[in-house]
Amino acid sequence: DAMVIQNPRYQVTQFGKPVTLSCSQTLNHNVMYWYQQKSSQAPKLLFHYYDKDFNNEADTPDNFQSRRPNTSFCFLDIRSPGLGDAAMYLCATKTGRTDTQYFGPGTRLTVL
Amino acid sequence: QQQVKQSPQSLIVQKGGISIINCAYENTAFDYFPWYQQFPGKGPALLIAIRPDVSEKKEGRFTISFNKSAKQFSLHIMDSQPGDSATYFCAASRSGGYQKVTFGTGTKLQVIP
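Those protein sequence lines, which keep their order, are chains A and B.
Residues in the first sequence are numbered from 337 upward in steps of one, following this note's numbering.
Residues in the second sequence are numbered from -2 upward in steps of one, following this note's numbering.
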């Protein structure tokens, strides 16, 4: 049973054309994360939500925004994708009481 | 102080052999040390985790050894199988609530028949 679902799995966009990636979870976890992972690199945290509280990493570009309309869903908006934004985007969740993060399968973003 | 150093970057092991990946951390406030396994095109999945109150944890063929005084921990994969071929990330964080996870740089393991 899928617990952290990401859609789409593959996204192709054009340089500068806004794109939205989505994440949903059936775990009822209150913490949700967005990571960017480039080839042969570790995941890089972009931001996270603790319930409705949003926390941006200091080095996350302004081009990246996020929304969490409810516990189950979280969105990553890239307002003007550049070639350097091509990457795998990973969503992860956890509860506030435990330490294990559960990752989704990722969305592979290609920027043409 | 937030870094987790991981080595080797890549590893080739014959089927049936032992794969060993090492990590070192600096921040003594870290108290949760997970290992993630990632297959190509997939998200990372928790493989095994340890806390600093134990020196070793074993789950099947996977063992974490932890040396608190040296601030080092390692993953041993016994009887390595071709299906173990993946990228392995060590990580460290503080427990509870929201805590940022610091990942190692990853080790690409290839197990050859």
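These aren't lab readings, by the way, just hints derived from the structure by calculation.
There may be inaccurate statements among the hints.
Derived EDC-like pairs (lysine to aspartate or glutamate); straight-line CA-CA distance at most 16 Å [to be verified]:
(1) B:K97 with A:E393
(2) B:K55 with B:D76
(3) B:K97 with A:D398
(4) B:K39 with B:D76
(5) B:K97 with A:D395
(6) B:K97 with A:D435
In this text the structure is predicted, and so the values were computed from the model without any measurement.
Evaluation of the provided hints:
1. B:K97 with A:E393: Cα-Cα ~10 Å, so holds.
2. B:K55 with B:D76: holds, 14 Å
3. B:K97 with A:D398: Measuring from Cα to Cα gives roughly 20 Å; hence the hint is violated.
4. B:K39 with B:D76: violated, 24 Å
5. B:K97 with A:D395: holds, 14 Å
6. B:K97 with A:D435: Distance ~10 Å between K97 (chain B) and D435 (chain A) Cα, so the pair holds.
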